[in-house]
Structures are given as C-alpha cells and as structure tokens.
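For chain C, the structure is supplied; the task is to place chains Y and V on it using the hints.
What follows is the residue order along each chain.
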Amino acid sequence: MATEDARYRQSSQYRLWSFSPSHLQSLREKTSSLAVSHISNRLRASSPPVDPLPDFLTPADEAMLLNFYIVDLLRAAQFCDLPSEIQATAAIFFRRFYVTNSLMTYPPRALTMTCIFFACKAEGLYYRLQKFADKFPGITGEEVLAAEYVLCQGLRFAFDVRHPYRALEGAIMELRRLGDFDETRLARAHQRTRDILKFSPLLTDAYFHYTPSQIMFGALSMADEGLLQRLLRDAFSGQSESSKNQVLEMVQSCRAMLEKEPPERRTTYWDASASKETMKPLNKKLKKCRDPDRVDLVALQKARREQALQKTKAKVATKEDSDVFGASNGVNNGMSKEDEREAKRRRVAGGDMFGPPL
Amino acid sequence: MSRKPVTGGSTVVKLTTGPTTALPSDICPVCKRVRYLNTDMEFLINPECYHPMCSNCVNNIFKSGPAQCPYATCTKTLRQRGFRSAFFGDLAVEREVDIRRRVAAAYNMVEDDFETLRDYNNYLQDVEDLTFDLISGGDDERQAAEQKLLHREQEFREEIERNKRRGREAELSRQKRDAAEAEAARQRRLEEQREEALARAEEATINAEVMEALARGEPGSAAEIQARIVAQKRARVAAISGTHFPSLLDAGARNSNTLSIRGLKTKKISDEEEDLSKPYDPFAGLGPALEPSRYELHDTYPNSWLEPAGTNDDHRVPGYSISEYVARAMFDAFAGLGVSIADEKKDAARGPGTVAAAEAAATNRVSGRVNVDDVFG
Amino acid sequence: MAVSPLILHPAGALQNARSVSSPLKNAASAQTSSNGTPLATQVVPNVAAAVQSTSLDLAEQLNEDEKRKYVKGKKLGEGTYANVYLGFLRSDPSQLVAIKKIKIQKEYTEGMAPDAVREIKHLQELSHPNIITLHSVFSSKDQNLNLVLEYLPLGDLEMLIHDTEHIRYGAADIKAWMGMLTRAIWFCHQNFVLHRDIKPNNLLIAADGEVKLADFGLARSFSDPYRLMTSNVITRWYRPPELLFGAQHYSGAVDVWSVGLVLAELVIRTPYIAGNSEIHQIQLICQAVGTPTEENWPGVTKLPDYTVDKEVVPLRGRDHYMALFGTLGAEGVDLLMKTLSLDPKKRIIARDMLKHDWWHKDPRPTRKQDLPKKSGGQAKVGDDLKRRPGVVDEEKGNKVARKLDFGATK
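Chains as they are written, first to last, in this note's numbering: chain C, 1 to 358; chain Y, 1 to 377; chain V, 1 to 410.
These aren't lab readings, by the way, just hints derived from the structure by calculation. Keep in mind the model is a prediction, meaning the values are calculated, not measured. Even for Gly, the Cβ is constructed at its ideal location relative to N, Cα and C. There could be a bad hint or two in this list.
Mimicking PhoX-like on lysine-lysine, the simulated pairs with C-alpha atoms at most 20 Å apart in a straight line are [claimed, not checked]:
#1 V:Lys302 - V:Lys345
#2 V:Lys361 - Y:Lys278
#3 C:Lys302 - V:Lys141
#4 V:Lys141 - V:Lys101
#5 V:Lys141 - V:Lys72
#6 Y:Lys278 - V:Lys368
#7 V:Lys103 - V:Lys74
#8 V:Lys67 - V:Lys141
#9 V:Lys101 - V:Lys72
#10 V:Lys74 - V:Lys141
#11 V:Lys355 - Y:Lys278
#12 V:Lys103 - C:Lys302
#13 V:Lys101 - V:Lys69
#14 V:Lys75 - V:Lys101
#15 C:Lys30 - Y:Lys346
#16 V:Lys346 - V:Lys302
#17 V:Lys67 - V:Lys101
#18 V:Lys75 - V:Lys141
Stretches of chain Y that chain C covers, calculated by requiring three or more beta carbons in the stretch to come under 8 Å of a beta carbon on chain C [to be verified]:
#19 288 to 299
#20 328 to 335
Have a look at the derived ranges for each label pair, beta carbon to beta carbon [as the list claims (entries may be wrong)]:
#21 V:Tyr108 - C:Ser33: 32 to 40 Å
#22 V:Asp362 - Y:Val93: 43 to 51 Å
#23 C:Gly138 - Y:Trp305: 37 to 45 Å
#24 Y:Leu124 - V:Glu331: 34 to 42 Å
#25 V:Gln369 - C:Ser237: 39 to 47 Å
#26 C:Glu142 - V:Asn144: 16 to 24 Å
#27 C:Arg192 - V:Asp362: 56 to 64 Å
Extracted from the complex, chain C is given alone in its bound form:
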C-alpha cells in the first residue's frame, strides 16, 4: 500500500467530501426535494398564500446555475487579485455548500461573497472586511458575514481544500529532473495544464470524485499525454501492470470530465450576451421559487443572534420549568400576528405534534 494514498485518506477532503457519482447524485436529489417541500410549505403559509406554487428548479437546473455563479465567483475573486489557490478554495467551498443546501434556499449571490471572504480566512490571507466589501459596490460587510456561519456548517467544518496546483509544480519538477523532454515542450504543457486546472475542475465535480493528483494528471494528459505516461512509468515501476492501468483508467475518466468544461469555455461563460441568454430564464425561475424566509440573510442572521441572546437571558431569568409554561402562556395571553402566522404555518406543515394549542 502506497504511503501517499494512506496519508491522503486522512484528509477531510477524502473523509467528508469525496463521493461516488451515484452518492453525490442522491445527495443532490435529497437536498432539492427537501428544499422544494420546505419552500412549498412556507409559500403556502405566507400571507397572502402563494397559489399556485411556482415551478421549482430541478437538480439539472441547479447544476447549470451553480456553474454560472461559480464563473461569477471566479471573476470576483480575480478582481480582488487573489492567488489562484484561494480562488479555487472559494469555488470549492461554494460547490460543497450547495451539495447539502439548495440554491433555492440560500441566495447564491450572497454566498459568492461569503465564500470568497471565508476562503481568504481559511487560507490565512487576511482581508479586512471593510476593505473587501468596498471592492463591490452595493455589498456591505454585514451581508458578507451574514452567511458565514451557515457556510461553515454547510462545509461540515472542513476548511482545508487540497488543490492540484502544487502537484503540477511537483510533476513538472520531476519531469525536468528526468531530462527526457526539451524545455519548450515542458513549458508549453506546464502552462496549458495550469490553465485547465484553474478552470475545468472548479466547473465540474472533479474534486468530489478524484484526488488532486488524479485531477492534475488528468489535466496534464489533456495537455501532453506523453508526459503523463512517463511519470506513471516511474511511479509504478515496481508494481503490477494492473495497478498502473487502474490509475490510468481513473486519470482518463477524470480527463473526460474535465474536457466537458475546457478553459476556452471561460470566455463563453464570461461573454455576457451568450450566458445571460441561457441563464436568464433559469434566474427568473429561481427568483420565483426562492425560500421566502431566507431572502434576507442579514435579517435572518440578526434574528438568530437575537435568539441566542434571548436564550441566555431566559436561562438566567426563568427557572427550568417556566420555559415550558412561559411559551404557552405567551401564546394564550396575546397572540401576535406573527405567532398566528407561524401557527398556521405549522398546521399546514403538519410537522409538529406539540404545537401551540389553538
């Protein structure tokens, strides 16, 4: 057993954020169906109730939109002059977040900013919040931070993303040391691979299904197949042909995935006219089926903080039991409009058997 593989299996990227394709698909379907059912309940319970319910995004719609926003995110990150590794971390944070959260639930535009800001933090590059927010007109620091906590939770508190960039440097160094290839060929492959890695893996599910070295070799094989063969020959020199072939197979299937989003597509995504045309209807659709409770993340965050405060205060002020009675008393005494609506929502949702009486 190769020590390098055993060590990679210790990483949170492998432990928490690597899935087989079918598993990832089922996760996304589950996320989507949960979001649809929650949002339907909330829309029906809002006043006035939304009827008929809007069309919801399908998982395929979400996948398309996701890429649209990631391109957006990369553009913003580039605008901040962030190193490509941090740009990629932000993009992967964004991808990971929307595996277990739906675009319909949390507004992607806000999350874009939060992901970039938090990626800087996670990579140890400290951007002042105000300085960051000032880069984007119309965005406040409060808005950037509003989803930070939700983001961390969505990331399952795994803040380390393993990228293929340094791996590429290693591979090129090794190729130079071997000395079998002339420098222009190496330099060209190096450049081409780097361009692929800065784009293709971030726009596909490569990070979920392949390890950084496989992604790097996949991209390298797109640039220059011969270099890949040369490196694998040495790496698996003492081993059976089958284990080498198995790796080769994985690298090739990774390559196939990367080829769906070649770096040239960057310009078509960025070419506003083309992308807006395909994305416009989807964005419109999204606007209609958004979670009404989570449109304003800043207010949501405030309320959550408020709740935490109230909770600690309540703990101090009241005894254990009065918690139980206090709540129902409050409802009985003077039920406010909001409580009414909440009660209604509950009934419609039918979720809570111990809901407030009448």
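For chains Y and V alone, kept in the frame of chain C given last:
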C-alpha cells in the same frame, strides 16, 4: 546427654514423627495421659521439631529452662515459650504453612519491581523451588535451601523491611479505595431511588392534573388537554433526567480512574513486555508510513522559478526551506493517485463504518475520529 | 447504567420539548412590539420562522446528527474565549470527551475568529497519538461553535515542570516527554503544518500519560515561496531569533527552536530564556546562546529588525551547556545545542532529531504509564482549553501577539 546437641536458631526442620503427622487427639505421646481423665487436655507443638505433647508435659519438662525434646530420636533443645497450639490438625501442613510464611516474608517483592512479566514469573518459580526444597527436599537440598534463605534474610534485611512497608501501604490504600467505591455505589443507589421516587410522584401529579383539568371543563377537547399535559410531563421528566446526568458522568470519571487500573494491568504488561524487548523507536512505528513510496526526493531539482527563493536574502537568511516546498510539491503530485473514490466510497451510503465501531468497542477510548466513517445518508 | 425506564428516552423528549418551548416566540413578539412599523413586521416574521423552523435542510440534519452523537455534561472551565464541558459519546457513556464551546466574540467584528478557523482547519487534517484529536465540530442553535476534543484529564507539562515541590522526575522521564513532543512536531512538519506556538502549557497529558500537542490557533500550512508570513507568532520566551528579527519567510526550524527550549526548561525547571520584551528576549538569547553575527549566521545583519548589543558574546561552547544541562548526558546536550542553533539553516530538523543517538543511550525513555503525573487535573483541562488559542495567561508576563496582522502581509 548422649544425644548430640544441635545449634539453635531458626532452622527448618525435617518432620521425623514417622508415617503419621496427625496431631494426637486423646493420648499424650509423652506422658500417655488420656483425655478421658483430663478433659481440658491440650496438645502443643514447638516449630523446632513439631513433636506434639500435652501442655502438662511442656510445663513439667521445660519449666525450669531449655531441655531436650522428650521424643526418643529427637535431639532438639526446646524452650517453653517456643510452644504453641497447632492451627492445623495435620502437622505436615502446619509446618509447610510456617515455612511458606517465613519464605514469603523474606522474598516479598512484587510485580512492579520487575522489568517484565517474564522476569517476575522467573522469580516466582525460583522462590517456589526453594520452598519445595525446604518442605520436602532431601537433607542436602534442604540445607542448601536453608542457606539461601538465611542469606536472603540477613543480607537483604533492609530491602525486605522496605517491601514490607510498601505492602502495608498498598493494602491500606486498597482498603480505602474499596471503601470509597462502596460509598460511591451507595450514593448512586440513593440518588437513583430518589429520582425514581421523584419521577413517580411527578407522574402521579400529572395524572391528577389531567383529571382536574377535565373536571374543571377547560377549553379544548379531552384529547387536547391530555396532549398538552403529556408535553409538559415529558419536559419535566427530561428535567429530572438532567439531574441524573452529573452522577452518571462522575461515575464514568471514577471508573476510568480506579477500575481501569485493575482491568488493564495484565494487558498493559504484555504490551510493555514486547515493547521493552525491542529497542526504543523514536518514531513510534510511524517512520516508514510517512516516507514516500512512489517517488524519491532529490536534493535539487532544476527549477528557475524556485531558484531565487534559495538565494534571495529575505528567504535564505531566516531559513526558508526550499526542500520543505519541494517535499510538499512532490507529495501533492503523487498522493492519492491510487485512491479510487468511486470504489472506496461506494458503500458510503450504507451508514457508519463497522471498522471504527469495532475499534471503538475494542479500545477503552474514543478511537480515531468519530466522524471518519460518518457518511451522509 | 441503571436508569429507571421512565428516563430511558429522555433525549428525544427533551429535543421535542425544546423545539416547542423555544423562547424565540417571546423574542419575535418582543421585537414587533418595540417597532411595530409594517415594514419591519414584513421581514421579521419570516425570518423568525426560518430561525425556529423545525424542518431541517440536509446540511442542518447532518449537523444535528453530529451534535446528537455527544452528550454535554458539567462545565470544566469558563473563559472569555470559550467554555469547556465534559461530555461523552451518547452511544457509549464511558467514552469521555471535552467539548469546547467557542463564544461569539463581541469585540471581533469580522465574523468567525481566525484562530478558531485555523485550529479547526488543521486539527481536522492531523491524526496522530501525540496531537490532540478533534473528534467532531458542530454548531449549536445559538450559533456557537462546539469542538469535540479528546479528553485529557491530567493537566499539562507546565504544571509538572513548575511543581517542584511535589513532582520529581529524571532523565528517563524527560526523554520520554521529549520523544512524544518531537514526534508530534515531526508529524506536523511531515504534513506541512507549522505549529507556531509550542510551549509547555500547550502540551497536555492524557490519562495514560501520553503527551498531546494542543492549541493550533496560530498554526498555518507551509508557505509557498514568495508568500509572506507574519513574524509575530510563538510565545516570546520560545520565539526563535529569526522571528524576533522580523523574518517573513521561514520554515519548520521555528518550531524546533521552541522544542529545544522546552527541553531546556524540562531540565532546569524554569523557562530558560524569559525576556520581558522583544528587545530583552534578544539580549537574553545573546547571553544564553551567543550573539548572532555575520560569522555564525551569514546575512543576519540584513534582517529587518536586527538589533543586538554592541558587546558580542561568543557562541557558548559545549562546556557551558554541560554545566547547565549535564543531566541529559553528552548526547542529550548535543541534541539541545543542535536545536538552539542561531542560524535556522543549521538548526536540526524534526526528523533528524528523532534520528539522534540520544534516544538510544541510557536511560531508556520511561514507559508512558510510569511517567510522573498529577492527579485531579480536571479543573486545569478546562483552563487549558478555554484559553483563546495562542494567548498566554496575562500574569505570567510572557505575552504573545494574539491577533495576527495579515494586513501587513498583503
């Protein structure tokens, strides 16, 4: 005085009373008096030779000072204060116990004094051999063993004393620990009883409340009232279980401090025995696991981009290490190359991995990362 | 675990009861009554509903699953940065954990505290017997971070070092502790992580005597070439000269210096180089080790903050160290001198430390269960964990920069 005198002192004697070593029950072998006429007759022995005789004889023969044993073949000189009543009916057993007591007092080392369990076992074996020689060995063997024992008693007096003291202290602390455990168990029992009573009382009042509420004719259907009160009940029961909590925790903490000592002892020692037989490994077995297997690290790699980091003062002087970067780049290039996520994560949806669970059960601690195998679904 | 049947299912009951009786309802009504403008009520109710919504998204469910694996027990310690609780695995109450609940920082307005982010990030990746295990992280309802850490009940190495009245230890014990520390730092460096805050009170002791490196609040990954790092790390007494001179590109050698000073402190049972300011620290290093000069450290005078007294102290020789640290034996002193090399390029690296002869000389390192330990350290666990990572107790006087100023690095 035809019989030759024997040097006194604490020597181990051979039992010479012939085939039977049983303590006589009604006739004194010396004066031949019978119990029938002397109902309070008592037989005494002297550990010099273990020849039994009645207390009358002892009084008569040894009152005026040391004298030779009245048994015909015995040459021992006995003193009155050396006599005592036997604890066992069989004098051979009585003697063996005496010998064992004496040997044990001299050879009083404990397991902790030895480097390995094997050493300790060897020591126990030696002591047992010596004891056997003393009890049932031939004359020569017995004498040799006697010499050894005497030597030990005289030369190592201090060490023996120290061990004895330590033993007493250990015994004392064991007693204390037992007492503490008993007390803790008692407290736990009391607390459980109290909580149970409390919970029962709570249940009773809740039932009464339901009845009362129904009787008062509160708004809402009977089912609603019941549901509401059941919710309250659950909250209260939960509160009670909350108070139960600290005691549970404390018990856990106590267990880990006391019980583990006894339970783990044998296992630990076998672990350590293996450990100590091998030279100390500063890498604790992990050395090879962190060395590369797919590539070799070389001292230099041609890399024009990297060169300035090796020569510029701001990198070179404060020790920025290019080899650290190179090691990382090479590791990144080859780490996980053989990991097939599609295969390895195929069963991920099935739930927590059994490996981690088995591990957690086998070891006494939370093993590894709990969320390692926790997968969605 | 004998519990009356009534109490067997309380976990579920408790959860339900909580979600019903959530005090949020009071919060929501309080809010509207204080500002009853229609605009406000338009937003607030929706938000409130989202906050207390009982229907969970997948991400929330996963968090909830993680949270439910543990039961939080009594408080072990309370600090301004975090509270620490004893806890156990719900599925096996005999398995204790420490739950470190990081408080929301009122004065820190930039979101989640970077030291918490760093600590979580690196502990998630490092799994080694001599590094504190992070079992899990979850968020509680009130948006606090909860780190589920290995429960290490026997205090830290600093307690043992400074309790000269009650704790006695010898060369074999020092070697055992150093072995564990060196393995920990070797493992960090093998995984490309700089700890940047090694000191005795970040070395916690497990129930079985194993020493565990904790507090990764200042840790970071190795920097790529030409990327700046801050020099304002590592508690002053353990800070190497290159950082005191303001270096912004450095290596694992910074940790090795700290390890060397821990070794020295283990022998003399008091911090070896304890300056009360950065200038003073440099002066003391000059006296203890020798003045850094162009001869013993080519280029040192060009470092940004290079300042030393005019009077040059020559490098201390072996005799000087033997007189102070003779108990370590010649080999031990040799290793110590190699860790305290002024020039970081000549300083020994962690892997080579483990290859040193010292480990194989007599005495053999003590078995971990036979190491001297202090019982009843439970209160101290709380103390150690509740500290903000990277901060020293104020009264001890050896302050460390607790915030990294990355503004300077970008």
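Going through the hints against the structure:
no.	hint	in the structure
1	V:Lys302 - V:Lys345	holds (16 Å)
2	V:Lys361 - Y:Lys278	holds (14 Å)
3	C:Lys302 - V:Lys141	holds (13 Å)
4	V:Lys141 - V:Lys101	holds (12 Å)
5	V:Lys141 - V:Lys72	holds (14 Å)
6	Y:Lys278 - V:Lys368	holds (16 Å)
7	V:Lys103 - V:Lys74	holds (17 Å)
8	V:Lys67 - V:Lys141	holds (10 Å)
9	V:Lys101 - V:Lys72	holds (10 Å)
10	V:Lys74 - V:Lys141	holds (19 Å)
11	V:Lys355 - Y:Lys278	holds (16 Å)
12	V:Lys103 - C:Lys302	holds (16 Å)
13	V:Lys101 - V:Lys69	holds (16 Å)
14	V:Lys75 - V:Lys101	holds (10 Å)
15	C:Lys30 - Y:Lys346	holds (18 Å)
16	V:Lys346 - V:Lys302	holds (18 Å)
17	V:Lys67 - V:Lys101	holds (12 Å)
18	V:Lys75 - V:Lys141	holds (18 Å)
19	288 to 299	holds (count 9)
20	328 to 335	holds (count 8)
21	V:Tyr108 - C:Ser33: 32 to 40 Å	holds (38 Å)
22	V:Asp362 - Y:Val93: 43 to 51 Å	holds (48 Å)
23	C:Gly138 - Y:Trp305: 37 to 45 Å	holds (39 Å)
24	Y:Leu124 - V:Glu331: 34 to 42 Å	holds (37 Å)
25	V:Gln369 - C:Ser237: 39 to 47 Å	holds (45 Å)
26	C:Glu142 - V:Asn144: 16 to 24 Å	holds (20 Å)
27	C:Arg192 - V:Asp362: 56 to 64 Å	holds (60 Å)
The structure is consistent with each of the numbered hints, conforming to all of them.
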